[in-house]
Amino acid sequence: MIQHLPILQVIIPLLAAPICFILKEARLVRWFVLIANAMAFVISIMLLQQVNLHGTLVYSLGGWEAPIGIEYRIDELNAYLLILVTSISTITLMAAGKSLTKEIPESKITYFYIAYMLCLTGLLGIVATGDAFNVFVFLEISSLASYTMIAMGNDRRSLWASYQYLIMGTIGATFILIGIGLMYMMTGTLNLYDLAERLPEVEHTKTVFTAFAFFLVGVCLKLALFPLHLWLPNAYAYAPSIATVFLAATATKVAIYVLLRFIFSVYGFEFSFTHLPLTEILVSLGLLGVIAASIVAIYQTNVKRLFAYSSVSQIGYMILGIGVGTKTGLTATMLHLFNHALMKSAIFLALAGVVYRVGSVNIKAFAGLGRQMPWTMAAIVVGGLSLIGVPLTVGFVSKWYLVLALLESNMWPVAVLVLVGSLLAIAYIWRIVEVAYFKPALQNNQAYKEAPLAILIPAWIFVIANIYFGIDTSFTAGVSEKTAELLFGGVR
Amino acid sequence: MSFLEQYNYWIVIFLMMSGFYIVIAHGNLIKKLMGLTIFQTSVFILYISISKVIGGTAPILDDRYTIYSNPLPHVLILTAIVVGVATTALGLALAVRIKEAYGTVEEDVIQEKDLQQEGSAE
Chain U
59 MIQHLPILQV IIPLLAAPIC FILKEARLVR WFVLIANAMA FVISIMLLQQ VNLHGTLVYS
119 LGGWEAPIGI EYRIDELNAY LLILVTSIST ITLMAAGKSL TKEIPESKIT YFYIAYMLCL
179 TGLLGIVATG DAFNVFVFLE ISSLASYTMI AMGNDRRSLW ASYQYLIMGT IGATFILIGI
239 GLMYMMTGTL NLYDLAERLP EVEHTKTVFT AFAFFLVGVC LKLALFPLHL WLPNAYAYAP
299 SIATVFLAAT ATKVAIYVLL RFIFSVYGFE FSFTHLPLTE ILVSLGLLGV IAASIVAIYQ
359 TNVKRLFAYS SVSQIGYMIL GIGVGTKTGL TATMLHLFNH ALMKSAIFLA LAGVVYRVGS
419 VNIKAFAGLG RQMPWTMAAI VVGGLSLIGV PLTVGFVSKW YLVLALLESN MWPVAVLVLV
479 GSLLAIAYIW RIVEVAYFKP ALQNNQAYKE APLAILIPAW IFVIANIYFG IDTSFTAGVS
539 EKTAELLFGG VR
Chain A
8 MSFLEQYNYW IVIFLMMSGF YIVIAHGNLI KKLMGLTIFQ TSVFILYISI SKVIGGTAPI
68 LDDRYTIYSN PLPHVLILTA IVVGVATTAL GLALAVRIKE AYGTVEEDVI QEKDLQQEGS
128 AE
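Chains as they are written, first to last, in my numbering: chain U, 59 to 550; chain A, 8 to 129.
Isolated chain U, as found in the complex (with noise of 0.2 Å):
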């Protein structure tokens, strides 16, 4: 049993899925998805227990040894990636129940769980696989679950959302399946650690760098770093709130690692950073998103979108601390990809309460909220204190890590221009303020009672975890340093 972990992280949700189409019965299937993902949650513990006890497992698909057959490889990376992807979506699930009986059908609430789980099956199984070629067929079995889900928000542009998402990522996934197949080309394997031993061979060939950077612009495509973000506000904004809790917190942040697993560990740091001008391209690409993605979030009046083009601005911190090519910068992005994924589960998560109660989410119908529904705005407040980085907030932390490594990299005006991205932050997450406190209540507007318990208690699961991660540092950044030197360390 113990040494069937790696695959049954994937296989589980996967099962569940098409069991959901028996269940049928829309109660019935979220507390079996529900358990099915606490499941997930439990073995990608018991995953980290093992990757502590006896460093990196390999699992092969079948008994097949690596060259030929699948191979799952679970290192401490991928454990804490496992681990962070299920819990957000168990807890995000525990709030699905209430929320999704007021956005979607009753007849199409089943659909929407096996969609779910499919996207979690996908989600999970980038991180657990060591093949590159399954890194693509899982890359493509969440992105359709995904844009399954997106259509079901109740607004029309929702559809076009989802239509817009479905061929943008299409087109990143086929670049990604062209880098893939270059890179079979000239080494014959698609085992990764195959891949890392066997490209340095080839390096100087004009077919590398061209798979790498086919693979390179489909991964960004993916995690929509700026410009290549364009469709991903609607696809937030439109889609039901669970499927944007779940997708803010956790898509981007796996393709993240996608990106960074091929940089560091296949392609390596030498060939990445010397070879190519990546420094340049993904810091100023980063810093451009950050300063771009923030100023037009400060336009939105749909609070949503608003907070869809923070995500876009956050991805670029996480794309500058790649780009500064650092340990302490990849410490900065680990440490964001972790901290990131916590705040915005608890923004959206707290949005969903509102969408539950208010019904919309234009910035004008937050007017006096903040007396209506005081648990739920502060879960927004707090979110938005960390997205500024604000001490005593997780957002600081990783702030301070990637400001740290700019000024130690002596780019200190790139330091600047990220705290200037903070000072944006401040912008956009003071309308939210100034008009939930400040403004008197819409006068038609029914007095609104505070989000079920259903919402916010998940809601302030993530909140709680902002502001304890946000003063115990010692845990997220321990494990930030450790996969930071893991991924520097190249192939083990």
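Derived by calculation from the structure, the hints in this document are not laboratory data. Please note that a few of the clues may not be correct.
Capping the alpha-carbon separation at 27 Å, the derived lysine-lysine pairs in DSSO-like fashion look like this [as the list claims (entries may be wrong)]:
| no. | chain 1 | residue 1 | chain 2 | residue 2 |
| --- | --- | --- | --- | --- |
| 1 | A | Lys59 | U | Lys166 |
| 2 | U | Lys507 | U | Lys497 |
| 3 | U | Lys160 | A | Lys106 |
| 4 | U | Lys264 | A | Lys59 |
| 5 | A | Lys120 | U | Lys160 |
| 6 | U | Lys507 | U | Lys422 |
| 7 | U | Lys82 | U | Lys166 |
Across the chosen pairs, the derived CB separations fall in these ranges [said to hold, decoys possible]:
| no. | chain 1 | residue 1 | chain 2 | residue 2 | range |
| --- | --- | --- | --- | --- | --- |
| 8 | U | Ile103 | A | Gly126 | 46 to 54 Å |
| 9 | A | Ala96 | U | Leu346 | 48 to 56 Å |
| 10 | A | Asp70 | U | Leu111 | 44 to 52 Å |
| 11 | A | Val103 | U | Ile93 | 51 to 59 Å |
| 12 | U | Ile93 | A | Ser25 | 48 to 56 Å |
| 13 | A | Ala32 | U | Lys507 | 45 to 53 Å |
| 14 | A | Glu107 | U | Trp89 | 30 to 38 Å |
| 15 | U | Tyr526 | A | Leu85 | 47 to 55 Å |
Here a beta-carbon is modelled for each residue, glycine too, at the ideal position from N, C-alpha and C.
Assemble chain A onto chain U, guided by the hints.
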């Protein structure tokens, strides 16, 4: 290496770019999906053509032959074709739903209607 020796890549690039162009340039959702399919298909051809070993035969064990083409890319592409079919099916399903909701499958008309909706919401 002469120009013709690598004609398979030229075919791939031609198909890829025409597919990509259709996706970007056309406003009709169905045409976009057709472009996307051509774009994906070009990558399938890329994979299959790189697996060809000159003088090799189909990878079926037989005493008379010693050189075989590499079968692995074929298998990979079978998977990728399935993914492509699923993507196209989902895209077409979305197009049907968009037609029902907006009454059109033209990108510019949809965007105009969205703008109107946003204008009236404020």
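Looking at the structure, which of the earlier hints fail to hold?
1, 9 and 11
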